[in-house]
Amino acid sequence: MAFLIEIKVPDVGNVADIDVVDVLVKPGDEVSLEQTLAVLETDKASMDLPSSAAGTVQELFIKPGDKVSEGTLIATVLASSEEVNVAKPQEPAQQAAAPAEATVEKTPEPVSQPLIVTPEPAPEILPSAVSAVAAHATPAVRLFARELGVDIQKITAGSGRKGRIVKDDVKNFVKKVMAESAVQGGSGIPAMPAVDFSQFGEIEEQKLSKIKRLTGQNLSRVWLNLPMVTYHDEADITEMEAFRVALNAEKSKDDVKITGLVFIIKALVAAMEQFPQFNASLSADGEKLIFKKYFNIGIAVDTPNGLVVPVLRDVNRKGVNELTAELAEKSNKARLGKLMPADMQGGCITISSLGGIGGTAFTPIVNAPEVAILGVTRAKMQPVWNGKEFIPRLMLPLDLTYDHRVIDGAEGARFMAAVKQYLGDIRRLLL
Amino acid sequence: MDTNPAINESVVHAEVLVLGGGPGGYTAAFRAADLGKQVVLIERYPALGGVCLNVGCIPSKALLHVAQVIHEVDEFEQHGLSYGKPSFDIDKIRSWKESVSKTLSDGLARLVKQRKVTLIQGTGTFTSSHTIEVKTETGVTTVSFDQAIIAAGSHPTKIPIFPHDDPRLWDSTDALELKEIPKKLLIVGGGIIGLEMATVYHALGSEISVVELMDQIIPGCDNDLVTPLYRRIKKQYQNIWLETRVAAIEKHKDGLKVSFEGKGAPESAIFDAVLVAVGRRPNGKKIGADLAGVNVDEIGYIAVDKQQRTNVPHIFAIGDIVGNPMLAHKATYEGKIAAEVAAGLKAGFDALTIPAVAYTDPEVTWMGLTENQAKQQGIDYDKAVFPWAASGRSLSLGRKEGLTKILCERETGRILGAGMVGPNAGELIAEAVLALEMGADAEDVGLTIHPHPMLSETFAFAAEMITGSITDLYIKK
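Protein sequences, first through last, are from chains A and B.
Note that the numbering used here numbers the first sequence so that position 277 is 277, with each residue one more than the last.
Note that the numbering used here numbers the second sequence so that position 49 is 1049, with each residue one more than the last.
Please keep in mind that the hints were generated in silico from the structure rather than gathered at the bench.
Careful, some of the hints might be misleading.
Derived EDC-like pairs: lysine to aspartate or glutamate, alpha-carbon spacing no greater than 20 angstroms straight-line [said to hold, decoys possible]:
#1 A:K167 with B:D1350
#2 B:K1375 with B:E1207
#3 B:K1306 with A:D151
#4 A:K162 with B:E1443
#5 B:K1158 with B:D1350
Here are a few chain A residues that sit away from chain B, every Cβ distance over 12 angstroms (derived from the structure) [as the list claims (entries may be wrong)]:
#6 E147
#7 R161
#8 L430
Every residue gets a Cβ at the ideal spot worked out from N, C-alpha and C, and that includes glycine.
Could you build all of it, start to finish, from the sequences and the hints given here?
As structure tokens, this is what we get:
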């Protein structure tokens, strides 16, 4: 017995308008359980949409460029009953085929045709708009909107009787849109002029990925809205590194090795517990500070599609080993493009580590509405004066950027001092 | 060879060229002219107005009025009015019908002159994306154009295996010529055109049989609206065979021998004439569209966007040639859009519905969403059907079978569709179309004072049935 299974977009963490980037199957294809049907992209990450059934794709309801959200029908898959996995059987396939025949018989043409004439599906110009979605506006107002280039469907409520859209509503809509664009362009920043680079040599254009585009918009917004200060310091991690190496030596070959980043995470959280204003956000109106009683740390991960920030939750309640495993899993998912939007929500503070690459210092941009970000570059053995002589110590450069509206300079320095202290002597994390 | 080199070699330029002088074409030409364009209109027949005015809507309405007078007189015999058996002067009826068409097409010719539209009589065929060749009586004229509007219409569908060379096998044009009144007339196709001609010839004395492929007459219309018409003509006509098709037609000396197939198929029989009314085909393949680069599909339709533009941006198409329903009022609406867009205005096809009317007796009409469509699309609707048996006006006409139906969106009461059946029902649908376009709901219609006693009241009564304020009926709660 075969069943028709409906494959829908799963719960992806309260995100609407997910872009369909690619569709990897077509009707008639055999698909297996968990096979990727389509690639979706939100403003934070791209992800693969797995099939929740095995069988033959009957019908596809999405195409690249569509927008979907939780529950959107993606495809129907004809599966044999023993293969039915998640979705419940909808209706027998035979029944699904039957209405198609019925509609062929009822050609809506006002004139009849004998069977010997091949059915000719004439293009119909029809009252498709007659339903709840049609704008409540008279023909003259609809024409007026057309003349002004206004999509009348975007005017949600009219001022006429029973919400009818009248000409003034169309005019006001235009005014509102123009006022909004004036505000957007009105922050006094002149637009960058367009340059024709091809006059200097060969060029190639490539569209930015959605993640890159939206990250860019967000960073510009933060750059313009937040007065940011970056404070640099170095932490002595000689003992921490010795402990880390010793721990990893105890591990077998297949175990995930502990990285320095996990200790930095623990140290950061300990400092946040000490200085709660670093685990806070400013309310949108700038009137209130919202303190968070949870400790979620975002880790900026470099992926082929762009920068993503998976979030490790309740870090204060997790040990080094647990965090090591979780960090490895989330970084891996991020690089494979399999992070779900829920994996990237709810961060309190972010760490951006370039330590694997190099550097001595940089000025990271706060991931607002968080109030601070910790930048990390490569640790280096350095001569440190102990009062009598220079001794070699492993020094880790740290860069703390904070929102100066929330954090004062002295607070920033004290917070950094605390982070340094925890990293310098990780036994303090037990206190 | 043509002897008039002046015309033979003439080249005319048009800012806007309109191919076809039917309702869509002349409307487009006039609108474009009124918007300041220099217009050339090509029409193959001497009279303007196309199928509608010459061999369609108008002559059929003239004949249908004759039928109506005959029926009304006939039916009022039982109420005490008798003129005796009616007699027809078929020649006089025909020439009256022709005079109606002529009055209108003469009027159009005057409008052409008043608007300074250049009219060329002949058959136009595109030769490039900016030129068209017109074969006139005197030669060939080439017209070059900046923009063109194709309004070349449609022709009755022919069925290849039928003997179309036999004069007893008619299409709608033949039937409207009113050459003779056949004793036994078979009408193939129970749609609007077939049933209108059935009405005419039945009134003039023919024995009518109708054969229809679908399971109801006027397919596409809700069955409840068709039923009163079906019940009436079932009694009047010899036969109505549904779910039946014509298998073959043979020429015989004493008539056309027709054999049938299908669910209700009768024995083969001889008819004095057979009218084939199984729809119309677009003329897209007859105008050299390929040389202009305009895409035409297998059947002959030309696809257009909301601005009536074809795939070639400066060439528009309107009317029957762009798709169903093939109705004059759709063509004129589209003609105006094409002309306005050609003149640089921001117009577009934005009508919510194209109403349909069958001028049968009783008339059947509908607009907007049909109940069948509402069910198919899973729309949550309220329905009210007001019976004309409760309308004083209908009863005083001696008729009680009519219905007025209204469909509203359940949540908002907004009118989604309406339909009527009954004498003069076609005159009532325009109010429903206006209500739909204005976004009116049942309450708006019910609160609008309708004159009494008129058939138009029934639309308000149906609306009151939706809102629950009806007093002309008692509806048990």
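### Task
Would you pick out the hints that fail for this structure and give their numbers low to high?
Of the numbered hints given earlier, those the structure breaks are 2, 5, 6 and 7, listed in rising order.
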